[in-house]
Each structure stands twice: as C-alpha cells, then as structure tokens.
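Chemist: Sequence:
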Amino acid sequence: MSYNETKALKEAFPYSLPIMATYLLMGGVFGIMMANAGYSPWISLFISIIIYAGALQYLAVAWLAGGVGFVSIALITLSVNARQFFYAIACLRRYSLGGWRKWYLIFSVTDETFAILNLREQKSMQGKVALDSMQQIYNQKVMFYISLLNHCYWIIGCVCGTILGNKIGLIRDIQGLDFIVVATFCVLLYENMRVKDNRIPIAVGIFSTLFCFMLDKEHFLSYALVMIVCVLLAIRHYIQKRCI
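Counting along the sequence shown from 1, when you hit position 157 you're at 157 in the working numbering, and nothing is skipped either side.
No wet-lab data here; the hints were simulated from the structure.
Predicted model, so just to flag it, every value in this text is computed and none were measured.
From the three backbone atoms N, C-alpha and C, an ideal C-beta is built for every residue, glycine too.
Among the hints, a few may not be true.
Claimed, not checked - DSSO-like mimics (lysine-lysine), calculated; alpha carbons at most 27 Å apart, straight line: (1) K7 / K123; (2) K102 / K217; (3) K123 / K10; (4) K167 / K102; (5) K102 / K123.
To be verified - Label-pair distances were calculated between CB atoms; the ranges are: (6) I235 / L45: 37 to 47 Å; (7) G99 / K167: 17 to 27 Å; (8) A37 / V231: 39 to 49 Å; (9) R199 / G66: 36 to 46 Å; (10) I49 / C186: 25 to 35 Å; (11) F13 / A183: 13 to 23 Å; (12) F46 / R236: 21 to 31 Å; (13) A21 / I163: 15 to 25 Å; (14) R194 / W63: 15 to 25 Å.
Make a model of the complete structure from these sequences and hints.
Modeler: Laid out in structure tokens, this is it:
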C-alpha cells in the first residue's frame, strides 16, 4: 500500500468510528435473525456483501423463509431503496474522478455512509473555493476507505451475529438494539448542524418530511424525498451564494 493510500486509510478510520457501533450491533441483529431462521454464517456473509442494505436484509430473512416471488421481491426492493436514487444523483460530482473506485462508492452508499461522506466533504471545503485535481483524487480515496470500512463493519456484525445466534440461544432474546440507529443519526445531525452551510438543507429536509408525514403517513418518505429535491433545486443559487 502506497503512502497516499495509507494516509487516506488513516484519515478515513476516525470518520468511520461513529458507524462502527451501529453496524456491528445492527448487523448482529440481522445475524441473529438469520440464525433464528436456521441459516448458516455463510449465507449471512453472502447477503451482507451483495445486498448491503439494512432494512432490505431484514426483509430478506422473511423472503428466504417464505418463498416470496421474484416480482414481489423486485417491487419491495424498489420501494425500500428508492432513496438510493437520490443519493446517486448527489454523488455524481463527488465521484467523478474515482476511477474504478467510483463503482464501489456508488454501490456502497448507505444512509449512514452518505451522511458521513457529506460531513467530511463539508469540512474539507471549509475556507476553500475549490480543490485541485490531486486533492479531489485524494478526497475520493478517503471516501472509498470510509465506505469500505463501513461495509466491513456491517459484514463482521452480520456474520458474528449468526455465529453467536447459533451457539448461544439466550442472545436471540436481546431487545432494543435497533435504537442505536436513532442515536447514530442524532449524532450525525448534530455534527452536520455545526457546519453553517448545511443548516438550510437540513431545515428543508426536516420541514419537508414533517409536512409529508402529516399528509400521508404510509408513503411520506417518497414524497418527502421528491419535495426536498425540488425545494433545494429551487433555492440552490441562494445556497451557493451563502457558501462562497
């Protein structure tokens, strides 16, 4: 590993730490569910590498056990992961110089990773108008390792959860582990709020989500994502002027 690669990995590791506890615990919950359904750690390993989507993986346990049809699986997958489309749009510029890493970065973007990458980009741009090409390439190496580390945490959690679930029956009865996700997003929200340039987009996101939730509690997420994108596009020039 070259010096730049090592430097990028060392810089990426602290950014991944807030996600480590979340993914190890939530991956462990998925692994326990797989153990309860009678599946081996190898199946958990395969699913966590290929699917890598928390909510979708939990659904996959029931799909595997219930023999759900392909069309139903495709529709559910589309509805659960529709937000990834918006993440991909937001990341097109960010990954433009990523080379072969770009494809993994696009594949591995999750809610938590997207938030961390956004926070890291905001901090790296503070006081700067633009980065030169070498700085952009280095930044994308850092983002690659942040994404890779987060993926590794998830894989380790899933596999270890299945192993422990198969070996220790008592661990299957643990309750409340899912609260770690809420706690993680509270920390990420606080850290993003500390960056002044993020406050308007965050406010747009909060009020749009609350508004759509009051209109339709079942499908509010899809409506909120569309509304957030439309509002941010409408006021993007104002936001850009504030960032200069």
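Chemist: Does each hint fit the structure? Answer for all of them.
Modeler: Consistency of the hints with the structure:
Proposed proximity of K7 and K123 is supported: the alpha carbons are some 17 Å apart, at most 27 Å. Using a Cα cut-off of 27 Å, the hinted pair K102 and K217 is violated, with the two alpha carbons roughly 35 Å apart. Between K123 and K10 the alpha-carbon distance is near 17 Å, which keeps this suggested pair within the 27 Å criterion. Our distance criterion of 27 Å between C-alpha atoms is broken by K167 and K102, whose separation comes to about 39 Å.
Only pairs whose Cα atoms come within 27 Å are accepted, and K102 paired with K123 is accepted, the gap being roughly 21 Å. The beta-carbon spacing between I235 and L45, approximately 44 Å, falls within the hinted interval of 37 to 47 Å. A hinted range of 17 to 27 Å for the beta carbons of G99 and K167 is inconsistent with their spacing of about 42 Å. The beta-carbon spacing between A37 and V231, approximately 42 Å, falls within the hinted interval of 39 to 49 Å.
Checking the proposed 36 to 46 Å range against R199 and G66 shows it holds: the Cβ atoms sit about 45 Å from each other. In this structure, I49 and C186 meet the distance hint of 25 to 35 Å, their C-beta atoms being roughly 29 Å apart. About 21 Å separates the C-beta atoms of F13 and A183, a value consistent with the hinted range of 13 to 23 Å. Judged by the Cβ atoms, the range 21 to 31 Å given for F46 and R236 is violated: they are separated by roughly 41 Å.
Here the CB-CB span from A21 to I163 is close to 19 Å, well matched to the stated 15 to 25 Å. Range check, R194 to W63: Cβ separation about 40 Å, and the 15 to 25 Å hint is violated.
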